[in-house]
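Going from the sequence shown to my numbering is simple: count from 1 and add 458.
It should be emphasised that the hints constitute simulated quantities derived from the structure, not laboratory data.
The structure displayed is predicted, hence computed values, not measured ones.
Even for Gly, the Cβ is constructed at its ideal location relative to N, Cα and C.
Any given hint could turn out to be false.
Listed below are the simulated DSBU-like cross-link pairs for lysine-lysine, each with C-alpha atoms no more than 30 Å apart in a straight line [as the list claims (entries may be wrong)]:
#, residue 1, residue 2
1, K477, K460
2, K485, K460
3, K460, K480
What follows is a set of in silico ranges between Cβ atoms, one per label pair, in the way DEER data are often shown [claimed, not checked]:
#, residue 1, residue 2, range
4, K460, F527, 19 to 25 Å
5, R494, F526, 37 to 43 Å
6, L523, K480, 32 to 38 Å
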Amino acid sequence: MKPYVFGHELTHVIFGLLKGAKISNFKVNENGGSVRVSRTGLVVLLAPYFFPIYMVASLIIFGLLSIFFNLVGTFIGSFFALVAGVAWGFHFCYTINSFLQPQSD
459 MKPYVFGHEL THVIFGLLKG AKISNFKVNE NGGSVRVSRT GLVVLLAPYF
509 FPIYMVASLI IFGLLSIFFN LVGTFIGSFF ALVAGVAWGF HFCYTINSFL
559 QPQSD
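Required output: the full structure, derived from the provided sequences and hints.
As structure tokens, this is what we get:
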């Protein structure tokens, strides 16, 4: 599934950049994805399995909007809670599924 593979490869990119790596050849297609990271390590390699990128992105957006608007206890706040929960479920289910598939990384 492209959204999961995109998030998976993007997580390698983010953790690679945090480690000071150069990034190249970011590719995602129906058959999988790949990215070249100049400096790898255990955290960079395993990041997609423990870092739910879409959930974190939804929480960051909620946090930024909360700076300007009182969203706690509102419909929009509840909507973001739903989005974060769905994103966590998406991450969990597809991560478990990916463990059952052959991996190149």
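Now for the hints, and whether the structure bears them out:
Restraint check for K477 and K460: the C-alpha separation of about 26 Å stays at or below 30 Å, so the hint holds. Under the criterion of a C-alpha separation no larger than 30 Å, the hint pairing K485 with K460 is consistent with the structure, at around 11 Å. Between K460 and K480, the direct Cα distance comes to roughly 23 Å. Compliance with the 30 Å bound is thereby established for this hinted pair. In this structure, K460 and F527 break the distance hint of 19 to 25 Å, their C-beta atoms being roughly 32 Å apart.
Checked against the hint of 37 to 43 Å, the pair R494 and F526 passes, with Cβ atoms roughly 38 Å apart. Judged by the Cβ atoms, the range 32 to 38 Å given for L523 and K480 holds: they are separated by roughly 33 Å.
In terms of the numbered hints stated before, the structure departs from hint 4 and from no other.
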